[in-house]
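**Q** Chain residues, written in single-letter form:
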Amino acid sequence: MSESKVTFEKGNVALAKAAVAAGCRYYFGYPITPQSDIPEYLSGVLPRIGGQFVQAESEVASINMLLGAGATGKRAMTSSSSPGISLKQEGISYMAGSEIPAVIVNVQRSGPGLGGIAPSQGDYFQATRGGGHGDYRVIVLAPASVQEMYDLTVLAFELADAYRTPVMVLADAMIGMMKEPLEEWVPQNPEPAKDDWAATGAAGRPGRRIKSLYLGDGELAEHNWKLAQKYERIRREETRVQIELPEGCELAVVAFGSAARIAKSAVDRLNDEGRRVGYVRPITLWPFPEEAIRRVAEQGVPLLTVELNTGQMVEDVRLAVEGRAPVHFAGYPPGYLPSPDDIYDEIVRRLPAGKEAA
Amino acid sequence: MHHDIIMAGFGGQGILMIGNLLAVGALRRGYRVTFFPAYGVEMRGGTANCTVTISDREIGSPVTARPLGLVAMNEPSVVKFGPRVRAGGVVVVNASIVPEGVLDREDVRVVRVPCNDVAADLGDPRLASMVALGAYVAASGVLPVDAVAEVLPEVLPEKVHRLIPLNQKALEAGADRAGA
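Sequence order for the protein chains is A and B.
Everything in the first sequence is counted per the working numbering, starting at 1 for the first residue and increasing by one.
Everything in the second sequence is counted per the working numbering, starting at 1 for the first residue and increasing by one.
Treat the hints with care, since some could be wrong.
Straight-line Cα separation of at most 25 Å, DMTMM-like style, residue types lysine to aspartate or glutamate; simulated pairs [stated by the list, open to error]: (1) LYS230(A) x ASP341(A); (2) LYS5(A) x ASP56(B); (3) LYS5(A) x GLU150(B); (4) LYS5(A) x GLU154(B); (5) LYS211(A) x GLU158(A); (6) LYS74(A) x ASP268(A); (7) LYS226(A) x GLU184(A); (8) LYS211(A) x GLU290(A); (9) LYS194(A) x GLU244(A); (10) LYS5(A) x GLU158(B); (11) LYS194(A) x GLU183(A); (12) LYS226(A) x GLU191(A); (13) LYS5(A) x GLU57(A); (14) LYS74(A) x ASP196(A); (15) LYS80(B) x ASP341(A); (16) LYS226(A) x ASP196(A); (17) LYS159(B) x ASP176(B); (18) LYS5(A) x ASP146(B); (19) LYS159(B) x ASP146(B); (20) LYS80(B) x ASP345(A); (21) LYS80(B) x ASP342(A); (22) LYS159(B) x GLU40(A); (23) LYS74(A) x GLU238(A); (24) LYS5(A) x GLU58(B); (25) LYS230(A) x GLU290(A).
Not close to chain B: a few residues of chain A, all C-beta gaps over 12 Å, as computed [what the hints assert, rightly or not]: (26) LYS10; (27) GLY23; (28) PRO31; (29) GLY44; (30) THR72; (31) ARG208; (32) ARG235; (33) THR239; (34) ILE243; (35) ALA260; (36) ALA266; (37) ASP268; (38) GLU298; (39) ILE343; (40) VAL348.
Keep in mind the hints are simulated off the structure, nothing from the lab.
Only a predicted model underlies this, so the values are computations on that prediction, with no experimental measurement involved.
The beta-carbon is built from N, C-alpha and C at its ideal position, and this holds for glycine as well.
Please model the entire structure based on the sequences and the hints provided.
**A** Structure representation (structure tokens):
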């Protein structure tokens, strides 16, 4: 870390600054609320530092430009919000199949369809199940603060290169629009060499094909198994979660991103009041921190999953818990942003009876 | 300390600007801060509000159902947010356009300041929100008025820096009104 001046920054801008710091010089996108601060910022910066900013004619065009840039081995990014991310799914599938590294940002708004511009976590399934066609996964990072918009975006570029795979940063209108102190830092990990695979021009070497089409006998099965092994390696090595489990924990809240921030106030208040409430915040949504959650359940701690939707991540929590502990759910579909009081009440009515704080 | 404030009014009244000022003022005095804006798809003439949270420990939620303070620049904001303010809190009401009696509460301190009129006297009606911020800071004691004035150069866009002394006067005028 160097130059530790703290600024007061919007989440979207923090993310855009992180992309530049991580060496991203190519951005392709199409405007949509609530993420347009990202292209706005990058349109001012990238052309001045030798990069390219393209406002494409559509989301479909921009994701395919990203595919092309990623295939050359350059760090590149696109960003959009829920309806726009739906349009990009075909390209993401092609990138996963072609093992092209790139960063895709979804600052979620609400759906289905055009929905609205309010914060939502309705795209959890789409993000964590691949989203497009075919048997693939996308690494999904879920920032819960402006600082994490920066930190996890840097990480997204590093993971994309390390595993040659598309990585998604899954934020939402709340994390994208809010402002918090930001400490920018300069990434120290060098960008890995890509001259063993990237389309860098075939002068002096045989040509390469970066593709997702496999028609030869057995080729595609082999390719899918190769991808599966990669995803297994990612599961083992890249799962990230924040866990705060007090001694004698009575119940633990599981939440990510904006819902986790709101829930944290409720958890803190209950612990101040003498209850013992845990806090589990998945930072990677895929790979999902199932081991960590299973260990909490094995101690007999009931879980309350809180999401800004009608119940998506709770399915992964239940799969991780496998019946070892009760899994409750509190959901808030778009249009009503819950307050800490709402979540406080949800926790209190699930706490074991007869153990009221003094 | 944990202090959360909702600031609300018409779009274009400078609500988000004063929210930013308060947040950055607190940040530079060493506090943790969050700023969360909410506005409709409309711009000028629509509604705008933001929540500023100032704390000496890590802040969870940037949103709150029951703030400790409210700055209400128009009547709909008093109606919507006034009843939610926690007992013992401070409510600054723009008395220039909000009639008396809109908020009937004994358990909060209601500070009525004719922000538009004070701003007009200073020579620029756009200073109304700055007057309200000065009044809120002084009435609540959340920060010294200086803490906000000091960050004017950081928060205001450079093209309006020549107006910093005038903005400072507006803050002070608001603070004076709150003390009266």
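**Q** Could you check the structure against the hints above and give me the numbers of any it violates, in ascending order?
**A** 1, 6, 7, 8, 9, 11, 13, 17, 26, 35, 36, 37, 39
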